[in-house]
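Trainee: Heads up: the protein sequence lines correspond to chains A and B, in order. Quick note: the first sequence uses UniProt numbering, first residue 1, plus one each step. Quick note: the second sequence uses UniProt numbering, first residue 1, plus one each step.
In case anyone wonders, no lab produced these hints; they're calculated from the structure.
For chains that are exact copies, the list does not tell them apart, and a pair is met inside one copy or across any two.
With a Cα cut of at most 20 Å, we get these calculated SDA-like pairs of lysine to any residue:
1) Lys357 - Glu271
2) Lys139 - Asp251
3) Lys139 - Glu115
4) Lys357 - Glu80
5) Lys39 - Ser92
6) Lys357 - Asp267
7) Lys357 - Glu272
8) Lys357 - Val265
9) Lys357 - Gly20
10) Lys427 - Arg17
11) Lys357 - Asp15
12) Lys357 - Ala48
Protein chains: 2
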Amino acid sequence: MAEDLIEDQEREEQDYRLDGELVETILQAVEDEDAEALKRLLEPLHAADIADLLEQISGNERRGILRLWGREIDGEILTEIDESIREEVLSSLEPEVLAEAVRELDSDDVVDLIEDLEEPQQEAILDILDDRDRIAVEKSLTYPEYSAGRLMQREVVTAPEHWTVGETIDYLRSSEWLPDQFYHVILVDPAHHPLANVTLGRILSAPRDSGLRDIAEEEFRTISVYQEEGDVAYAFNQYHLISCPVVDENDRLVGVITIDDAMSVLDEEHEEDILRLAGVGDESSLSDTVLETLRQRLPWLMVNLLTAILASLVISVFEGTIQKIVALAVLMPIVASMGGNAGTQTLTVAVRALATKSLTDSNVWRVVRRETIVGLLNGLAFALVMGIVAWVWFDGATLGAVIAIAMVINLVVAAVAGILVPLALEKLGADPALASGTFVTTVTDVVGFFAFLGLAGTMLL
Amino acid sequence: MAEDLIEDQEREEQDYRLDGELVETILQAVEDEDAEALKRLLEPLHAADIADLLEQISGNERRGILRLWGREIDGEILTEIDESIREEVLSSLEPEVLAEAVRELDSDDVVDLIEDLEEPQQEAILDILDDRDRIAVEKSLTYPEYSAGRLMQREVVTAPEHWTVGETIDYLRSSEWLPDQFYHVILVDPAHHPLANVTLGRILSAPRDSGLRDIAEEEFRTISVYQEEGDVAYAFNQYHLISCPVVDENDRLVGVITIDDAMSVLDEEHEEDILRLAGVGDESSLSDTVLETLRQRLPWLMVNLLTAILASLVISVFEGTIQKIVALAVLMPIVASMGGNAGTQTLTVAVRALATKSLTDSNVWRVVRRETIVGLLNGLAFALVMGIVAWVWFDGATLGAVIAIAMVINLVVAAVAGILVPLALEKLGADPALASGTFVTTVTDVVGFFAFLGLAGTMLL
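Chain A extracted, bound-state conformation:
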């Protein structure tokens, strides 16, 4: 039965989602305490899928799997496990299982595994490593969090620039140890400064007597060990890098970053942006408990409450006006809502453009002008529509005019705020994704209510 399911998962077009029935079968095995069946079911799964499974099931079920099957967990699975359950999984493993799993890993994976752990748990894992690995990991941990130094692996394949293809192949064949995956041989000078990359494909296809120098790639980039990891991911995506040497402040080679790590960072950075734009803690995960979720969401809702109260204070200034013309209470949310949405459109485009480094000093004013004109044209369009709707609905031409003017004002303000707020946050060194939304909707609420009710007070009373 289990085999059938696995077969079934490998049909032509896969959707890569964990098969629901397979998960059911696995959880049944856990309930039956059937360690044999569990092993058979989990064996064929990829480490990343096992990690996903552990994240997607409940805490109880997870503890059941770890109890019955924990001895099978290897280094690859550990590196795949999400931070939200990592501590729990690590502390459930028997010391010798953990030791063996950790010893399998490259230095960058060990760093990734332990960098967010508490001091004692971190120490315990460092103690498992042999001296050479431990020193490598400790050295990486001295680099700032989210820097290239944390992301790189220290194991690199280098060759002196004067070597030939033949010498290089002989050297590689005689090497006792090589990284699992590498894509370039890095040419270095005697002081260990990287000079160029030679792709393995060229080494394989060139005659033995070719000089490495002559078949090196024309383009060559290095990354500073202090470079922020988001910029590293950007560089890989922008320049189609596959692996890139990392250098210290003296331009000496200290490690290498490969594209799969850069791709993970790109994915995480996007996740952060999208969650921050929605006012959700950027480490939110589906395996978070109710309390963790509450702790992430409540602060942002509190901020929103304060800005909503601010908007209400604006309305309260016009209580008298509303009392006389209650239609204003009916129509006022429309002005605010349209402003909020238009502002969100502009700010999202701006946040995204900042993240992809396409909003720069050279084009910022042209973009501001474009957004303002678009805001004005949107404003005019919806002023016309909403002016007529209000006129017909409440049989008042002046009321229609009031909402029309308020609409134009608010959509122009929304456009300007939508672009200037993220720009200002960026200039101040803050993440524009983090707080732009709150600022912008506060502005559009306050301006929307003020313009609409203020104009109504002046023109209708």
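The hints should help you fit chain B onto chain A, whose structure is shown.
Mentor: Relative to the frame of chain A, chain B by itself:
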């Protein structure tokens, strides 16, 4: 001066943004019609940065650069140019420049370049290619848009499974043509079914007499030529693939996808999600004109207007109540706004979880339950805060109770809608990012106003 700027760009930590002064200098050269200087300035830039430059400047400036420097444009630059200006750039090039640029490209890049062009322009470029390349590109174009078939390159490096390392190296050395970048030799059987991947690193480090089979990677995956490109990107990220063979419906090898293409797709998919969540057309670009921008944004604002009017209709039902207690008009946007924000938090987490395939049949009900409990607890917390605020502000304990109850109702509804709406859209085959926001805020507006004003009518009058 130009050299200084370029130097300056290569300092230790790069921010990878186009240097503003450099752009100024370039535009000055365009204004001076100084083709020499322009060439000197653009020469050292990476193709991707030149493409970014062309996107970031105004249409006039772009035409200036193309006129003075268009003969230097090569295939690499063309593939980097954003769709929004691609047609414009292509049609500005002289036929022989275009021909030479296109002939340099791999088949996947040609496909990517022309798939969105109009028929006549597409035909013109196909005619440039020699027969073999043209047939390859035309074959790729028969696969559905956004499929693996469009993404793959048809140039693959294969070896029979019985070959040794030595035979493989000899074959590669004697090959007249190899792809620019390749990371595996794919083992195939006589019927051209792919069997396993051998990394180039292992070929380089194994003795000449080793069988390829013995040094092949244990894990092996293939991708169907009809697989959706978003799923391809997911598989690369999930399983840390570097390159992956693509097979047709008979499991025969038809091409290979490499990680750099998968990374671009991942980036585009994220961009789409983030823009769609904000109600912005998913092809929005900073180089869009005012009219293009308006065409993307206006429809979503129109949808928002309709939902805002729906919410207003709810308010208008309670006009009488508001007339008697004008404080209701002051407080009602708070209930709606809190619901909208809480709903957006939940739906963003849900949309993201669906995109990463971590929200599945196995955990959906646990997540729904968690979100509902979080909604309830948030509701109770803000009911307490807002109940007291309203009580003190308007000196009415019952008014405080009314807003407290309405807050609990709306935040629970927000949570439930926030998770069920994207799930329902996904089940219906729609993109949950596309319309979730509008649905959810409509629900929270309507429920918020209805609960608050309805309760007020019952409890206060």
